[in-house]
Amino acid sequence: MPAPLLRRARPLAAVALVLAAGCAVAGPTPSLRHSGSPPAPPVGVTVDDGVLPDGAGVFDDRYPAVSRLDAELLAALRAAASAASRDGVEFVVTSGWRSPEYQDQLLREAVDEYGSLEEAARWVATAETSAHVTGDAVDVGPTDAMSWLSQHGADFGLCQVYGNEPWHHEFRPAAVEDGCPAPYADPTEDPRMQP
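Just so you know, the sequence shown maps onto residues -26 to -1, 1 to 169 in mature numbering (1 follows the signal peptide of the UniProt record, and there is no 0).
For the record, the hints were derived by calculation from the structure and aren't laboratory data.
There's no promise every hint is true.
Label pairs and their computed distance ranges (CB to CB) [claimed, not checked]:
1. Glu87 / Glu151: 38 to 48 Å
2. Asp118 / Val85: 11 to 21 Å
3. Glu151 / Glu93: 32 to 42 Å
4. Arg60 / Glu102: 31 to 41 Å
5. Asp22 / Ala53: 19 to 29 Å
Computed from a prediction, not measured in an experiment: that's the story for all the values here.
No residue lacks a Cβ here, since even glycine has one placed at the ideal position from N, Cα and C.
I would like the entire structure built from these sequences, with the hints used as guidance.
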């Protein structure tokens, strides 16, 4: 590289390095963290509590998060995943059944993150009210799978229940005939979440 270009390239490279380092230190912002994926699993719980490794599929019965889902929900999920696969879309289960301990830990971490139980409740239910603890809810990714389910989920009785959680689906058998009901804005509007 000629000397004049090298002198200009070094400061630009230094600026790029500083900006990249700043992004790495800052990390994701809360507004982006929940924009298209469920929260990361907490530390301290295991596969037996419902934690899943990255890439777990709807047929991965070796994981309790999948095998302990409600039988009708799991059957509908597998039928939808098979149909989506024919469209070139693969489903990943990011969360399914959860132990009460796992759910409690998720809630504690959400309170820490959002600063109050009221704000955390927009994202994480209590162990007593969570559809995950009963095996009646599944979180699906990646984004193309969420999009596919938003277009075709009702055909299988799979409905997005919360507007702020495009990954969260529950089985609603009437949706096959009637379509999915309108989602709640977030879990705080869901009467089932009231203790």
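Hint-by-hint comparison with the structure:
1. Glu87 / Glu151: 38 to 48 Å: Check passed, 40 Å falls within 38 to 48 Å.
2. Asp118 / Val85: 11 to 21 Å: 32 Å, violated
3. Glu151 / Glu93: 32 to 42 Å: 37 Å, holds
4. Arg60 / Glu102: 31 to 41 Å: 39 Å, holds
5. Asp22 / Ala53: 19 to 29 Å: Because 27 Å falls inside the window, the suggested range holds.
Hint 2 from the earlier list is the only one contradicted by this structure; the remaining hints agree with it.
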